[in-house]
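**Q** Mapping of the sequence shown onto full-length UniProt numbering: position 49 corresponds to residue 49, and the numbering continues sequentially without gaps.
For the record, the hints were derived by calculation from the structure and aren't laboratory data.
Ideal Cβ positions, reconstructed from N, Cα and C, are used throughout, including at glycine.
It is possible that part of the hints are untrue.
Stated by the list, open to error - Distance ranges between label pairs, derived from CB positions:
| no. | residue 1 | residue 2 | range |
| --- | --- | --- | --- |
| 1 | 101 | 423 | 54 to 60 Å |
| 2 | 428 | 358 | 25 to 31 Å |
| 3 | 204 | 410 | 37 to 43 Å |
| 4 | 409 | 206 | 37 to 43 Å |
| 5 | 136 | 409 | 28 to 34 Å |
| 6 | 191 | 306 | 51 to 57 Å |
| 7 | 358 | 136 | 35 to 41 Å |
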Amino acid sequence: MSPAAPTRSLAPFAILIGGQLVSFVGTTLTGVGIGIWVFGQTGSVMTFAWLTILTLVPAILISPFGGVIADTWRKKPAMLAVDSLSALSSATMLALLLSGRLEFWHLYANAVVSGLALGLQRPLFESTTPLMVDEQRLAGVNGIVHSVAGIGQVVAPVLAGTLVATLGLSTLLILDACTFLVAFGCTLGVKVPNAPRRDRADESFVAAFREGWRFVRERPGLYGMFWFTTMRNYLFATCEVVVVPLLLVVTTPEKTGAVLSVGGLGVLAGGLAMGLLARRRRLIVWVILAQGLTGLAMIVGGLSTDLVVIAVALALAFMAFPIEEASSTTIMQRKVPAALLGRVASVRNMMSMSAPPLAMLVAAPLADKVFEPLMRDGGPLASSVGLLTGTGPGRGMGLLLVVTGLATLVLTIVGWRSAALRNVETDLPDQHHESAKQTPAPARGLAEAIGRDR
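Make a model of the complete structure from these sequences and hints.
**A** Below is the structure:
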């Protein structure tokens, strides 16, 4: 029997997510711009790195609470509260900058607030999507969302550098404030449904999160998929750490930006490809195959010094990312009950966001202290591996990229051989997401104090 035709209009969701994506691009631009400005003021790589660390760590730590909030609060007020938190932080930074009182610790505090907002926001939107989008459209919609977000992340470094150099940091902060207004207006302008929930008024935050964690752990296919995407994030982050320095060794900053822009086109192509895959039931196959494509692209890019080859390899790796991300997100949304989806999404986010900081801490020293010395002219591997990769500046980073690609292919094979992962879509029943018919029951504790479900 064929699935029923979609009945829900995409317009409300398009307005809601469109506003949030505009805000996301503005926040990404500002975050990168602040990093560039700090590096220009101090010349310290460690100062620059702290901004990233202080964004990611709070996002990881707050994720369990974000999942509980997504499942137990009314979604629209929660979204507005998170947007307000981010907007207030950016407005404070702008006021301090314009008054000449901005100090580095203010920027660190802003990074922490941005991380907290990120950790709260992701489960909210991942749990709201299946309440506003028909199941048949989920994969395609997720593909578009992840591709737009991915393009923002790829293009932001190029655009932010130009804006900071020509217009200054204050212009970026003003632009960020404007994007928050867009997001706020879009959220206010649509009806956001709430997930039905059981009457568990005495349930604590910890107990509520444990319920989501238990749901994941009791389903090996889902748990395996979360670990698979976490390892993917670690390996992909290693690639991201290496690729920009590698490009800067072989070409100019302007051409580096052009190559990264080609990568952005790959992200867009991946999102469009999800439109073709949207009705397929075996999305897990594409999760695994996209991983294999990423590994092959890393190997080709690491072996070459030709900009065209590197650009094509980068585009293929970036094309695979939204396919894998959107497919795994769609599987999660199809297989998890609406009342638990925020908490399960927060488990996934907590795991996947833990990988990039670790990759940053490991990959940079490996490239500088191990791989680059091995591949310098006359180095220990110059006469063997060097015949494949070449020798000299940047070839150690190229070799690290090749090793990362090989590890990615190994992960692909392990994933394919895992019956639990491969059969996650057939072993777990689909959930039929419906919004709540009435206002969720109130709950005690912190949420009650600030007006949850009133």
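**Q** If you check each hint against the structure, which ones fail?
**A** none
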